[in-house]
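2 protein chains.
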Amino acid sequence: MEARPGTANGVTAQAEPVSVAELLARGRTLCTPPLRAVVAQLAPPMDAVASYHFGWTDRTGRPVAGDGGKAVRPALALLSAEAAGAPAAAGVAGGVAVELVHNFSLLHDDLMDGDETRRHRATAWTVFGPAQAILVGDALATLGTEVLLDAATPRGGSAATPADAARAVRLLTTATRKLIDGQARDLSFEQRDVVSVEECLEMEAGKTGALLAAAAAIGAVLAGADDRTADALERYGHHLGLAFQAVDDLLGIWGATEVTGKPHWGDLRQRKKSLPVAAALAEGGTASRRLAEQLADPVGRGEESEQTLAARAALIEQAGGRAWTQEEARRRHKTALAALDEVPMTDEVRGNFVALAEFVVVRER
Amino acid sequence: MEARPGTANGVTAQAEPVSVAELLARGRTLCTPPLRAVVAQLAPPMDAVASYHFGWTDRTGRPVAGDGGKAVRPALALLSAEAAGAPAAAGVAGGVAVELVHNFSLLHDDLMDGDETRRHRATAWTVFGPAQAILVGDALATLGTEVLLDAATPRGGSAATPADAARAVRLLTTATRKLIDGQARDLSFEQRDVVSVEECLEMEAGKTGALLAAAAAIGAVLAGADDRTADALERYGHHLGLAFQAVDDLLGIWGATEVTGKPHWGDLRQRKKSLPVAAALAEGGTASRRLAEQLADPVGRGEESEQTLAARAALIEQAGGRAWTQEEARRRHKTALAALDEVPMTDEVRGNFVALAEFVVVRER
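Line by line, the protein sequences give chains A and B.
To convert, note that position 191 of the first sequence is 191 in our numbering; the numbers rise steadily by one, no gaps.
To convert, note that position 222 of the second sequence is 222 in our numbering; the numbers rise steadily by one, no gaps.
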């Protein structure tokens, strides 16, 4: 593995994304305190399990200077409010709600997938047991809806009307259903040797596109934006989500494990049907056929040596799976930016959406 | 075990509840078709897992003349609409939504609790695996919210306003959070030898009271009832839920396994901290102390003979746990009926609420 900054996903930063760190920091600064306040309301021991999962405490409950993830979704929710001409604060409830649903899905998916580490840490189910991971995931999903309904009440601290809050609940609930649908498809892929590119994209649209689409529109919806604005922002988020996932799939194979926090060759060891694999299998040449043979062979499943997995990564690359996925990330990136043109917004807000999109496509983890 | 009709819970029917079978049948007739239509929208294999769980199909997907449970909640939701002066049909979306959330909790709880049978059938997680039980539970909870939001749209086929639908979402979401909270308490009890009566009641208020309270009010909320009416109906449902659970706890020990569909002495074998046990432990006499010693003894846990468990049931009865729980069921029953007096409704609707409450308290399964 020789992944180096700017190379794994084959996209080079066009301009210095100076404001992205600030955008992400703003999302965390505004959304984390209310998020923590909501999570603190959970009955013990659910509060402790959730705090651990979010990276705020260690397994004994001691506070840690945590890495709560990239927090792209809260940043998007705040920008979304600004796109509708409202202050960023109008999107806070949306950012918190989307983070709650995102983390509900992480808790459940890690358990369903049997993943033992996330963000360089043991996953919650391995520390607190499966029952707590199920239960706390359920609780976070429920809190997501409550936070949005509260946005229209005095304690919600937002100017959202009850009708806007209800629209936001609809947006988030539909996204949650698509998210679950995507996970169902992903699980069904485990039983199969071959998955088409279309099936893979459909799965990723659910698992990643749906919630990023909701994040990109939810601030605007809470701020009372019309359907046309909300739809265009959703489309931006949807394509951004697919670009995000294409990059994730690239990093899952060619990313530096010390940066991504994911196990070395983990995606290949699990024979995960990610985009590079699906694209390589669809190509049909010699390398593609050899790859298909290897994936259909039950022998050695999950026990492959580093060398075997490195050779498999090379096959995927030879069959064009890496290049196709890099191109797909670029295409989705471009389509996401085009959706922004349908929404009248200030140059500053547009510039921030553009910078965030670029960050997603050039990131290394 | 000599449980006979009308004896397990110590309550005798005051009047022939002629209309209860009809009330329950009406709930099923009106709510099951839309429930099945909603479940059919799930992506495979989630639709099949859900159909199996609801008792509509066997594990191979073949339709069966199923026993979908008592369906008390849908019946309550329809009555609830009538209590607000609306036709029963105005409560259908509420009945469907509450059934969806109820079954979300059954799917997840059976997995968390390791329960292998329910309603005389293998639980979904034992047939389709833990991941499908988690996923389908998540999907059903999400559909519950969507069904309520749809109630205010033309395809919802109901006269609910968007504001009423949003109030119903709030009602259901709050109930769901309490439900999860109750399950969290129940799980935490497994680590303990003694649980107080108050703690047990608090847990049962969450696990059973919250959703029955929501069912009893949701039809009225969808029909635009004022807060006072909704609150009184919620209180009826809350106390009815606690009566329901007290009876469940009695049946879990002294019920006939061929009627309840639950394993013989299952609650005692699991050392479940149910109301009769908590009340017996609180009594403090000789039998109470012997019971406490047995429950604190790690030896033989889960491996007790039928004889040992029968002797334990006798200890609980000697310490007054059975009588206290029977009395608690009667108290809650009475309090539930008193809440009805705060809502102006026709004698017929009131009579149906009364009959349903009596059914819950005298039931044998």
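Hints were generated in silico from the structure; no laboratory data involved.
By construction, the Cβ of each residue, glycine as well, lies at the ideal position given by its N, Cα and C atoms.
A few of these clues could be false.
[As the list claims (entries may be wrong)] Label pairs and their in silico Cβ distance ranges:
#1 A37/B to D297/A: 57 to 65 Å
#2 S305/A to A37/B: 36 to 44 Å
#3 T161/A to A89/B: 24 to 32 Å
[To be verified] Rough simulated footprint, nothing fancy, chain B against chain A, three-plus residues with beta-carbon under 8 Å:
#4 21-28
#5 134-145
#6 180-186
#7 303-316
Which numbered conditions among the earlier hints are violated in the structure presented, ordered from lowest to highest? 1, 2, 4 and 7
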